[in-house]
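*Asks:* Each residue of the sequence shown is one higher than the one before, starting from 7 at the first, in my numbering.
Don't read these hints as lab results, they were simulated from the structure.
Please read these numbers as outputs of a predicted model, since none were measured by experiment.
It is possible that part of the hints are untrue.
[As the list claims (entries may be wrong)] Label pairs and their computed distance ranges (CB to CB):
1. I119 <-> Y300: 36 to 42 Å
2. S307 <-> W58: 16 to 22 Å
3. K272 <-> F189: 30 to 36 Å
4. Q285 <-> A336: 24 to 30 Å
5. E70 <-> E237: 39 to 45 Å
6. E335 <-> N203: 28 to 34 Å
7. A317 <-> I163: 29 to 35 Å
8. S307 <-> Y38: 46 to 52 Å
Glycine included, every Cβ here is placed at the ideal spot set by N, Cα and C.
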Amino acid sequence: MWFNVSFVSTSGRKKNLLFYKTDEQGIGMKVYHAVSIAIEIMVLYVKMTLTWIYCIYQFFVPPEPKSVKDEVIMITGAGHGMGREMAMRFGRLGGIIVCVDINAAGNQETVDIIKRDKGRAFRFECDVTNRNAVIALKDKISREVGDVTMLINNAGIMPCKPLSMTSEEAIRGAFEVNIIAHFWLLQTFLPSMMEKNHGHIVAMSSMAGVVGLRNLVPYCATKFAVRGMMEALHEELREDKKDYSGIKMTIICPFIVDTGLCKHPKIKFPSLLKILSPQEAADNIVDAVRRNYYEITIPSSLYYINMICRAMPRAVPLYLKDFLDSGLEAQ
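Assemble the whole structure, with the sequences as input and the hints as a guide.
*Replies:* So, in structure tokens, the structure goes:
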């Protein structure tokens, strides 16, 4: 009889007990989640701190340069300037150099220079803005040389005029060569690197891909795009379920390089920011690639100046930019 009464009279109480039990479980879950988040934050803090310490250590003790001996190194725009200088240096280091350029005469000259230095080099002509031509190029290189293990996207053009005076043809041409060609080359040559989990992609950006400059609006847009493309591709490979840690990436952001693209450079303080020779730029690029640096500026001081300026109010870096008063005059 007590059982029946208690069942009838305490039916509401049973609901309260269920409610209290559920509420206790909810509190427990909240505590569990709070503790989990706290642990994750602690782990994140430790990782970030150790990474900072490691980066400071590497600043003073750089990583040992890797060997590029027998690597199949494809360089676009190899017929002159930085492309030729990089090809010569990698050739001396034992790489198998694949010189690609639309300029057959200049390309052949680069190959001849490498071979005179007892290096190994091959010449291929290709319009890298043509996707079908790039695919055909890949098949030819695979047959005659082997799979490309290092891709250096160096080809570029630089229209240098105020935006209002820049033709549609010049704008489209800049995007075709400076950024869209990168996509065709990556889609074509990256898969073999992914299969082997081995390779290196080098993309030529510019300080004009870090800071906007007058008379270079289309060029700046393409070079900013190169950096964004490389960062996104890096994350795509990093977050993939497969291990692609063997594929390295390097973004190059040089200041003004005397390759013939810069017709009217303007330098206020040559001792601080000088016009770089292709040889100087190539030395820095080859060193960065061999040490697997993710991104460099040439000169290196601009990297740290930019990082500091980005943390400041918008007007502050503009004052510094006006003070340095460097760039390119319209052609």
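*Asks:* Confirm or reject each hint.
*Replies:* Against the structure, the hints come out as follows:
no., hint, in the structure
1, I119 <-> Y300: 36 to 42 Å, "violated (30 Å)"
2, S307 <-> W58: 16 to 22 Å, "holds (20 Å)"
3, K272 <-> F189: 30 to 36 Å, "holds (33 Å)"
4, Q285 <-> A336: 24 to 30 Å, "holds (28 Å)"
5, E70 <-> E237: 39 to 45 Å, "violated (26 Å)"
6, E335 <-> N203: 28 to 34 Å, "violated (47 Å)"
7, A317 <-> I163: 29 to 35 Å, "holds (33 Å)"
8, S307 <-> Y38: 46 to 52 Å, "holds (49 Å)"
Hint compliance for this structure: hints 1, 5 and 6 are not met, and every other hint is.
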